[in-house]
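Chemist: For reference, the chains in residue letters:
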Amino acid sequence: MAGFFRILSGVRRMDPDSFIPGPKVFYANHTSHLDFAVIWSALPSVERDRVRPVAGRDYWMKNRARRYVSSEIFKALLIERQHVTRKNNPMEAMAVALEAGSSLIVFPEGTRGTRSKPVDFKPGLFHLHRDCPEIPLIPVHLQNLNRMMPKGAFLPIPLITHITFGVPVPDLPETKEAFLDKTLTALTQLNPI
Amino acid sequence: MNTIYQPHIQYLVGGVLCFLTLASLVAYILWKRSPDPKNNLVLKNLVSRIQAWWVMVIVFAMSLLLEPVGTILLFALLSFLALREFITLTPTRPADYKALLGAFFLVIPVNYFLIFINWYNFYAIFIPVWVLAFIPLLSAIGNDVERFLERSSEIQWGLLICVYFLSHVPAVLMLDFPGFSGSTSSLLLFFVIIVQASDVLQYVWGKLFGKTPIVPLLSPSKTWEGFLGGVGCATALGTALWWATPFLWWQATILALIICLFGFWGGLVMSAIKRDRGIKDYGNTLGGHGGILDRVDSICFSAPIFFHLIRFYFT
Numbered sequence: 000m001a002g003f004f005r006i007l008s009g010v011r012r013m014d015p016d017s018f019i020p021g022p023k024v025f026y027a028n029h030t031s032h033l034d035f036a037v038i039w040s041a042l043p044s045v046e047r048d049r050v051r052p053v054a055g056r057d058y059w060m061k062n063r064a065r066r067y068v069s070s071e072i073f074k075a076l077l078i079e080r081q082h083v084t085r086k087n088n089p090m091e092a093m094a095v096a097l098e099a100g101s102s103l104i105v106f107p108e109g110t111r112g113t114r115s116k117p118v119d120f121k122p123g124l125f126h127l128h129r130d131c132p133e134i135p136l137i138p139v140h141l142q143n144l145n146r147m148m149p150k151g152a153f154l155p156i157p158l159i160t161h162i163t164f165g166v167p168v169p170d171l172p173e174t175k176e177a178f179l180d181k182t183l184t185a186l187t188q189l190n191p192i
Numbered sequence: 000m001n002t003i004y005q006p007h008i009q010y011l012v013g014g015v016l017c018f019l020t021l022a023s024l025v026a027y028i029l030w031k032r033s034p035d036p037k038n039n040l041v042l043k044n045l046v047s048r049i050q051a052w053w054v055m056v057i058v059f060a061m062s063l064l065l066e067p068v069g070t071i072l073l074f075a076l077l078s079f080l081a082l083r084e085f086i087t088l089t090p091t092r093p094a095d096y097k098a099l100l101g102a103f104f105l106v107i108p109v110n111y112f113l114i115f116i117n118w119y120n121f122y123a124i125f126i127p128v129w130v131l132a133f134i135p136l137l138s139a140i141g142n143d144v145e146r147f148l149e150r151s152s153e154i155q156w157g158l159l160i161c162v163y164f165l166s167h168v169p170a171v172l173m174l175d176f177p178g179f180s181g182s183t184s185s186l187l188l189f190f191v192i193i194v195q196a197s198d199v200l201q202y203v204w205g206k207l208f209g210k211t212p213i214v215p216l217l218s219p220s221k222t223w224e225g226f227l228g229g230v231g232c233a234t235a236l237g238t239a240l241w242w243a244t245p246f247l248w249w250q251a252t253i254l255a256l257i258i259c260l261f262g263f264w265g266g267l268v269m270s271a272i273k274r275d276r277g278i279k280d281y282g283n284t285l286g287g288h289g290g291i292l293d294r295v296d297s298i299c300f301s302a303p304i305f306f307h308l309i310r311f312y313f314t
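If you read the sequences in order, they're chains A and B.
As numbered in numbering that gives the first Met the number 0, the first sequence has no gaps in its residue numbers, which increase by one up to the final residue, 192.
As numbered in numbering that gives the first Met the number 0, the second sequence has no gaps in its residue numbers, which increase by one up to the final residue, 314.
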């Protein structure tokens, strides 16, 4: 399955030594449906086994096929986006998953962008960091995926995706604005062009 | 009779395999004699290039077993991979989705199918007329004007080079040579061997004696020494292989020289595109060589010239 996505997207599997051990949060720019599948397939198997993409429950529970893909293949952590209550607090679910030893893939922009550059981050990443401050945040930059599979497309154009993993963002600021600004800059800087 | 049992083909394939074995032996000896082979970048690159050559030669020879379907399918796949590398570099936008979908999933199959059914007249105009006219139309429907001319002309160029030009290699199989007893596959093999030998020999001559770059801004590794030595040797090789073709020996000389010259220019043009985009290789599919497009660039430009010269003079 991972091999299939690697052939489709042209990414290479990363070397296991290029990641620090333990649970971590990968945050990436959101450009297409294929985003988390591509990140997932580029990870070495030891990282792939414990990674869980964070995705919207409303979209991925809609029908049986989506439910199967999200729960059986990617072991997605489905979160509530619309009616958030104390009971289904997405932050808590993420913190629990991280404590259980999983890594997470998150898209702090929320929805998929139509532009190739990342837009402003939603505050979720900040809250996640406040709840689990010891977890490293790793920026992941995806390029070309929005050209491969623009919104509404049914068949991907077989371009070559460029995926760049950054180093864990150091010295994260205390305030929300500075934090979001710093994490966004760390991601944008990975853009090779 | 199956192609692979014909003596011409066996001699050509056998010769390439012998040469590759020799190259592997030389690389092995160099590796053993080098004090620190793991840190010798040139040597490492040479070894991975030779390894990739083994894969390419074996795949190519296997495709000859299933002539002509195998060869046609192989080149259709090469077109697909080369176009993929090319389009990745272009500034196409989501509005080009329909045009690109057509380019990958319709134009390539149809183009190679026309070769398969031997419909030369339509094959010759399918991409240059029909496809080139439809591509900007499909992009325009996407309702996005930003860099429109650049986007559509680059898709057109990609299709022309990676699909139309490249497909002239298997198109040689469509030709019929009156009075030639051998198979056209041996002609195809003759062509591919000359182009690739010219590339390899230019590389070797350049590495050994290269001093004066021809176009330093485009490619510092393409030198006059490498060019003259490589093209000269490959032309001599072409002459020596005249028996596998319907040509006389001096005709083989002229054709080999033309193939080498256009192959060199093809490599130069594709280097210019790479420099323009600020990259070194088109991809990383073929270890040491770069991407598919880095390997077939010289074939793309010489194949249509070779095809039309022999079609005009020999059929």
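Because the hints were derived from the structure by calculation, they are not lab data.
Quantities reported herein were computed from a predicted structural model and do not represent experimental measurements.
A portion of the hints provided could be inaccurate.
[Claimed, not checked] Below are the EDC-like pairs computed for lysine to aspartate or glutamate, each with C-alpha atoms no more than 20 Å apart in a straight line:
id, chain 1, residue 1, chain 2, residue 2
1, A, K121, A, E71
2, A, K121, A, E79
3, A, K150, B, D280
4, A, K23, A, D170
5, B, K43, B, D275
6, A, K150, B, D143
7, A, K23, A, E98
8, B, K37, A, E79
9, A, K181, A, D130
Chemist: It remains to establish, for every hint, whether it holds in the given structure.
Modeler: Outcome of the hint check:
Restraint check: the Cα-Cα separation between A:K121 and A:E71 comes to about 28 Å, which exceeds 20 Å; the hinted pair is violated. Note on A:K121 and A:E79: the hinted pairing holds, with a Cα-Cα distance of about 15 Å set against a maximum of 20 Å. Distance check on the hinted pair: A:K150 and B:D280 sit about 30 Å apart at the alpha-carbon level, beyond 20 Å; violated. Of the pairs offered as hints, the one joining A:K23 and A:D170 holds, with about 16 Å between alpha carbons and a cut-off of 20 Å not exceeded.
Simply put, B:K43 and B:D275 have alpha-carbon atoms about 27 Å apart, too far for the 20 Å limit, and the pair is violated. Using a Cα cut-off of 20 Å, the hinted pair A:K150 and B:D143 holds, with the two alpha carbons roughly 15 Å apart. Of the pairs offered as hints, the one joining A:K23 and A:E98 holds, with about 10 Å between alpha carbons and a cut-off of 20 Å not exceeded. Restraint check: the Cα-Cα separation between B:K37 and A:E79 comes to about 52 Å, which exceeds 20 Å; the hinted pair is violated.
For the hint linking A:K181 to A:D130, the alpha-carbon distance of about 18 Å falls within 20 Å, and the restraint holds.
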